[in-house]
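Sequence order for the protein chains is A and B. Residues 1 to 422 (our numbering) make up the first sequence, in order. Residues 1001 to 1422 (our numbering) make up the second sequence, in order.
Please keep in mind that the hints were generated in silico from the structure rather than gathered at the bench. Wrong hints could be hidden among the right ones.
[As the list claims (entries may be wrong)] Listed next, with one range per pair, are the computed distances between beta-carbon atoms: (1) 414(A) to 1239(B): 19 to 29 Å; (2) 1357(B) to 225(A): 53 to 63 Å; (3) 373(A) to 1373(B): 47 to 57 Å; (4) 212(A) to 1380(B): 39 to 49 Å.
[What the hints assert, rightly or not] Coverage of chain A stretches by chain B, computed from C-beta distances (three or more under 8 Å per stretch; other residues unrestricted): (5) 67-81; (6) 396-402.
Cβ atoms here follow ideal geometry from the backbone N, Cα and C, with glycine treated the same way.
There are 2 protein chains.
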Amino acid sequence: MKTAPRNAFYAQSGGVTAVINASACGVIEAARKARRHIGHIYAGRDGIVGALTEDLIDISAESPATIRALRHTPAGAFGSARFKLKGLDKNRAEYERLIEVFRAHDIGYFFYNGGNDSMDTALKVSQLGEQLGYPITCIGVPKTVDNDLPLTDCCPGFGSVAKYIAISTLEGAMDVASMARTSTKVFVLEVMGRHAGWIAAAGGLAGRKAGEPPHIILFPEIAFDKARFLARVQECVKSYGYCVIVVSEGAKYPDGKFLAEAGTLDAFGHAQLGGVGPVVANMVREGLGYKYHWAVADYLQRAARHIASKTDVEQAYAVGKAAVEFAVRGMHAVMPAIRRTSSSPYRWKIVPVPLAEVANVEKKVPRNFITADGFGITAACRRYLEPLIAGEDYPPYEKGIPKYVRIRGKTVRKKLKTEFKI
Amino acid sequence: MKTAPRNAFYAQSGGVTAVINASACGVIEAARKARRHIGHIYAGRDGIVGALTEDLIDISAESPATIRALRHTPAGAFGSARFKLKGLDKNRAEYERLIEVFRAHDIGYFFYNGGNDSMDTALKVSQLGEQLGYPITCIGVPKTVDNDLPLTDCCPGFGSVAKYIAISTLEGAMDVASMARTSTKVFVLEVMGRHAGWIAAAGGLAGRKAGEPPHIILFPEIAFDKARFLARVQECVKSYGYCVIVVSEGAKYPDGKFLAEAGTLDAFGHAQLGGVGPVVANMVREGLGYKYHWAVADYLQRAARHIASKTDVEQAYAVGKAAVEFAVRGMHAVMPAIRRTSSSPYRWKIVPVPLAEVANVEKKVPRNFITADGFGITAACRRYLEPLIAGEDYPPYEKGIPKYVRIRGKTVRKKLKTEFKI
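Start from the sequences, fold in the hints, and give me the full structure.
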């Protein structure tokens, strides 16, 4: 059945990554080739907020070179949002507003680029057709540094943060090894991953042989035992002269309390926010007296496009491209997932999986990826992780810094008189 | 006058850098070509401590490929030390021990690779000939991420940390800009530089036009004024939607007290060590209520060989090579310094400067490099800094991480029966 092209809406959601714009690039380049199906392409300024407030970016005002350059540009070029739509029963007004905006701009395709919460939102939007009588083709585009989406071998964004953390662990470890004889003996690197220890696990790629740093990884999946931890730190300093620790921000005590909230007060007696890195470093100082350094990579890790994984960039682009291809082939309420067909040599392909099976499911690091003592990664984990950080994909440089692109961001003229408060 | 070759001693000192091994490579490759003057080359294991304890590494056991690979390997391949020799009047025993070891191994050349304190040590060792009757040719090889040595346009090690911080500031800023509409509004990056704000200044290279991040740099050279700071943060969030702050670990109040020590107590009421980043972030939260993120780069910044400045690598190698060339030409008690002959195009050469004029002098960021309001860098500062971060010099990779070299580190057989406790 031949139908007139309808317009497409693309939005970025949740925490951004080094390669989410590579997915945008994939979506837009594929959509521009699908003229029989897709008319204009609009992006939400600041994610779904842009849809609710009718603040749409006109992608046709962006040159092919700009779109191409998104492939090597980190963070969210169109703006992202932390904004989770409630259920249709709880906030019908938001969904009615979405339909109002979509209808005004004849939007028939909805591409939503995000993680767990966003796949839930995409799923809800996919049901608008049946529930509110507005037909829309809805595809989720996976993205999360946390690597915790199910049904996909890995999540675009993760490979690059994993590569950054593996390299940073290696480099930080070489630094402390140099200094340990007369100075710092313990180096602590705090990494992201509130609920799953995938990023912390990636730190384990820094060492390949027994005894090589990192000597200790603290996973959210393994309940923290202070006495065992300090004993291991001491053992490492005695054996190797120093100790390197990678700690997940999600590391917690057996009662589920985060280490990060367990510790410190500011000068006013308020709980000191954030920083499991310094908390762990302080434990070492108080328990063992060693001189230490700690680093908190925070945004640097997920924005580090300068050292992105080539595999990750390719996969991020591929899921964006596949999202459009799936849509024009008539698929709906699916997410392009990465399926590994071989680890060595590494081979993968993109397959559709139902949004309903992805939304709100968290994939944690399985126990057999963590060594029996709970402090390291196993060979199976290494086999899983290594291909994901393979290859470099350097951005172009100008005057010593990467030449990242900024979009023009031309606003689409509003068609509605109504405003919407978010 | 033709004399028999004498052996050379090389040691790394103080905090290591991404390119100190490139200087080692320069020293060793040049020394291997100077067979008429230099016999064996030994390195101190863990810096000067290796000399005092007669723990010498036999460089002749290292292949040319290993030595070449030092050029792309961060941290101190031979081990470094935080160990400052006292004055000859205060600790004669240490100097006598040095001479004992040097004499036992016929060491006639002393190459000492370090920063301020180390140039002071090098100067003291250079005086051994006159004061204790042991003639030794002594050359300081400059190294410090702090960029605070006088008489040299810049210090090897600084260009790479500057590049890393400029890029990290850019990437972190793009991240928070993406998130600011509904989430994080303020991003704080803590950088090194206890006494001088050179590294903080490098953060300023992330933005080129007015209003581009970083919006605020906190220098050790400018007394911190909390009210003015908070007012500026608020202004930025109102104007740009977000605010990026680069803070030097050396930022301090008008009374000279570091911000980092001014703040927080741990759960036991002890002063919380380290982290001006979280201190500043907390001020923002308490004063303005904005959601924030903070990162502490710590060792990652000075070990980040993966994104080293090509200029810096070349200069680090050049000062090492020049040190040997100066020595065999009969110079003594000098340091190879970098002299800038042109900023645009950038041109430089290596010249000798007297150790006596370098030791214990600190070069701070001049006032005309900092904007009138104290929060940014001027065009003059940018002209100075930009060439130092120019060019990329990527290391080789294997399985997704850099292929850094480890030396064999063969120990030279001891000739002395005596031990020395450090």
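Structure-based check of each hint:
The hinted window of 19 to 29 Å between residue 414(A) and residue 1239(B) holds, with their beta carbons roughly 24 Å apart. For the hinted restraint 53 to 63 Å between residue 1357(B) and residue 225(A), the CB-CB distance of approximately 55 Å keeps it satisfied. Range check, residue 373(A) to residue 1373(B): Cβ separation about 53 Å, and the 47 to 57 Å hint holds. Take residue 212(A) and residue 1380(B): their Cβ atoms lie about 45 Å apart, and the range 39 to 49 Å holds.
With a threshold of 8 Å between beta carbons, the proposed coverage of the segment 67-81 of chain A by chain B holds, since 8 of its residues qualify and at least three are required. Only residues whose beta carbon comes within less than 8 Å of a beta carbon in chain B count, and the segment 396-402 of chain A has 5; three or more means the coverage holds.
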